[in-house]
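Protein chains: 2
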Amino acid sequence: MMVRFAAVLLAYLASISVAMAQPADPLPSWNDGAAKTAISDFVARVTAQGGRDFVPPAERIATFDNDGTLWTEQPFYFQLAFAFDRVKAMAPEHPDWKTRQPFKALLEKDSKALAASGEKGLLQIVMATHAGMTTDAFANLVRDWLATARHPRFNRPYDSLVYQPMLELLAYLRANGFKTFVVSGGGVEFMRPWMERVYGIPPEQVVGSSGVVKFQIGADGKPVLMKEAKVEFIDDGPGKPVGINRFIGRRPIFAFGNSDGDLQMLQWTTAGSGARFAGIVHHTDEVREYAYDRQSKVGKLDKALDAAAASGWTVVDMKRDWKEVFPSLTVAGAAKEVKP
Amino acid sequence: MMVRFAAVLLAYLASISVAMAQPADPLPSWNDGAAKTAISDFVARVTAQGGRDFVPPAERIATFDNDGTLWTEQPFYFQLAFAFDRVKAMAPEHPDWKTRQPFKALLEKDSKALAASGEKGLLQIVMATHAGMTTDAFANLVRDWLATARHPRFNRPYDSLVYQPMLELLAYLRANGFKTFVVSGGGVEFMRPWMERVYGIPPEQVVGSSGVVKFQIGADGKPVLMKEAKVEFIDDGPGKPVGINRFIGRRPIFAFGNSDGDLQMLQWTTAGSGARFAGIVHHTDEVREYAYDRQSKVGKLDKALDAAAASGWTVVDMKRDWKEVFPSLTVAGAAKEVKP
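Heads up: the sequence lines are chains A and B, in that order. Taken in order, the first sequence gives residues 1 to 340; the numbers are from the UniProt record's numbering. Taken in order, the second sequence gives residues 1 to 340; the numbers are from the UniProt record's numbering.
Hints listed in this document are in silico derivations from the structure and should not be mistaken for laboratory results. Treat the hints with care, as some may be off.
Which copy is meant is left open, because identical chains are indistinguishable; a pair holds if it fits in one copy or across any two.
Result set (DSBU-like, lysine-lysine): computed pairs, CA atoms no more than 35 angstroms apart in a straight line [claimed, not checked]:
| # | residue 1 | residue 2 |
| --- | --- | --- |
| 1 | Lys323 | Lys98 |
| 2 | Lys112 | Lys230 |
| 3 | Lys297 | Lys222 |
| 4 | Lys230 | Lys214 |
| 5 | Lys120 | Lys230 |
| 6 | Lys303 | Lys214 |
| 7 | Lys300 | Lys120 |
| 8 | Lys303 | Lys222 |
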């Protein structure tokens, strides 16, 4: 009896000492496995003072795609949901839209006719809803929309459909001296109004596509920046390394994407000398989120999946690797308090 | 006698306590006066917790023009000196330049013919020397040039002709939670290779003009970014608020310039709500540096000087307000050690 008591006591003491020796897991929503290990190992290597792979903090640049990497991108990019809602809200001021495509199709919920309008139609919708106003006015529209709009399947605010494991990864990297950037095909003016609150990433660390903006002195003598209906830069595919060069001016050592639009960013990142990390979020969980890859219209992942296999990049299997996908709505509120 | 001794002792003790109460001057190269006071007062106001003008650190964005504001811009922009030196170095590979303007004029030091080639000629020279190579190769050319070239009047490295009072101002702002940016008409690829070392401003906080860059997979299968001979963006005049919006995405609360090319940046900065600071370096010291303003071909300061008088912006009189202009060459070395 006494021996058994001593054994229990020893086991108990051992469990305490293990608990004390292990700091809190910085990635609690990641299941143990190859992906989590690859991330932790990389961070340990580049932050080990005097180690062979040490990288000074100023060079610890980490870039993240947004749609499908930090938040959901199905059933269509959330920025399009914003544009569609804007068309509905603006329709009373545009009576011609009742008879003009692609607006007619959108207002009549004629998804076949809308699809038939193709990329050209989508661009018309984006231009009609993203231009002809000041940058400040547009930012307010985005904030108002996020506060009221709900995702059709999850019935939650769009900015609560962010990936809890990726929020933890962003915070973990920053705690290890990384500077975290978004490098997205999304519009930069659409992303900046909320990313500091939701991801802890300030406006100057958000790289994206943009339209032409013009400086003007308004009627009241005050300067404004007017958004024009003209594409300036598409930060997607081969545009991502170009955007990284233009906005950041330093090659990342760590990059995460989820689609073929991220292939060149991952190639550019890993082609640098020294330790490099490339990660891909593979959407494999149709129950908790969505499952799609090579055949998907939105977020097609085909060439980049082959490149990952050939180059040893880390592929995150959402179903297997993530304990949680979205923050609970209460936690989402907490996530919004994250500071840069 | 005893009374006099006591008075001297008291005065001495008082001087000690004053010396102890005053922290070291963060702007030692600035003479006391309106400019220095305006800067110190502004920083005190926006950093006073609970004060009416308090600004959270994330919003303490400070933008600085470069040519004529942080370093000298006479007798011509240093980037042009780089381009001219490149033409000379590249001439053996371009025999046609011997007979082709504006290259012929430059190689023959025919300043009249060079001037006659005008802005178009200058652009040809910039394109011939800034394109047709990778971004990495160009950065190396800039670093090599700075290490060897000397300014024609001062016979010093170009990157030692930076203004000591402005280096102190950058450090002072950063010590008070500001994020310092360069917003310059100069080429962004020309500035980024040295600004972190010289100003403590990392590449991602340098905004400038740019040429088109294209992503390519090289013959060795490695990706490169190629600089093309096509202007993409001119970050000058009305382009400065546009560049600030594009790269920073947040309106500065503090901006410094020295010419009419900075007018719109200063207007944009001061038109925001809350406390705002606009400063202009007025070149009034032909002995220690140069004296020029309304009539100058380089760095013309005319409309912005009128706007400063009308709007109460701070005008720095270089001759009167600056104790030192350039760092001593030893101190310049120290300045190069500044970390972001």
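TODO: List in ascending order the numbers of the hints, as given earlier, that are violated by the structure.
DONE: Number 1 - this is the single hint that the structure violates.
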